[in-house]
Amino acid sequence: MKYLSYLTIGIFFGIIMYKSEAASWFRIYEMFQFGSFHMYGIIGSALVLGVIGIQLIKKFNIKAIGGTEMNLQPKEKGVTNYLIGGIIFGLGWALAGACPGPMYVLAGAGYYAILVVIGGALLGTFVYGLVKNKLPH
Amino acid sequence: MNLLYDPWPWYVAGPLIALTMFILLFVGKKFGMSSNLSTVCSIGGAGKYSDFFKFDWKADRWNLVVVLGAVIGGFIASKYMSYNTVKINPDIAQQLSTDYGIESAGQAYLPPELFASQQLTDPFVLAVLIIGGFLVGFGARYAGGCTSGHAISGLSNLQLPSLIAVIGFFIGGLVMIHLLFPLIFS
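As they're listed, the protein sequences go chains A and B.
Numbering-wise, the first sequence is residues 1 to 137 according to our numbering.
Numbering-wise, the second sequence is residues 1001 to 1186 according to our numbering.
Simulated from the structure, these hints should not be mistaken for laboratory data.
Treat each hint with caution, since some may be false.
[Unchecked claim] Derived DSS-like pairs: lysine-lysine, alpha-carbon spacing no greater than 27 Å straight-line:
#1 A/K2 to B/K1087
#2 A/K134 to B/K1054
#3 B/K1079 to B/K1054
#4 A/K134 to A/K77
#5 B/K1048 to A/K132
#6 B/K1029 to A/K63
#7 A/K2 to B/K1054
#8 A/K2 to B/K1058
These numbers were taken from a predicted model, which means no experiment stands behind them.
Using the sequences provided together with the hints, build the complete structure.
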């Protein structure tokens, strides 16, 4: 039952990503060319509602199902890993035209070349795990 | 005008993404789409090579179910709810065609020049896709999250680390499109 709700959330998210065109290589390219407000509007409007909602959750101490605390732990402090890791991510986001969520959506949509991108992402994650201790954080 | 097939504007998509995040918070989880890559590495036995992957992946199975849902959502949307064409700014489409020979803006969802299956026999295209994916996977873990984890969840929670990561995402993306694309694709 629990897993059915996660599956439904995933389906919902997949449809949003595809229908909003946020999963399209063209939209990512256009965003980095500042050619349209579309992607900024998606991220921006999600963010405005997100900030308001999370402030309300904190103010009224709203709990998750079962009365547990919402999963809102603060991020660990730091600059180097967030900045360098972020830049590396951005290089890949623009080159492949896809970030992790849309990759799976595109696989479902039948663009099988994206499986190569997902394979690359798994390899990148694995290599990060190998060299993690040698990197500045 | 076709309500089922037309793409959704930003002011529909953005609020629905925020709703997705709130539903996940409400069921006691969080919204982030890159940690499942670590989970898969862990399931595949990567813990033998690095302690980074030694965690109880069974507790993260829900994450993989969300991924499976996203795959199904992509199938449903592309097959029953879309023309599978993306119209972008005509100036950008023209520039893509002139500079890089990518002619398919407005006619496809992804450029077949890069994503048609038969293109995978081209070592250049294969390298672009593998390296692109590698950078996404490596960078997301190094930065502790991706677009959903930092740009939506983290920024919504007013986390400074997420702001730094998102600034990084855009530095990387702009460098790639404006400085590296002309070198890679011309």
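Handout entry: Violated hints, by number in ascending order, as checked against the structure
Key = 1, 3
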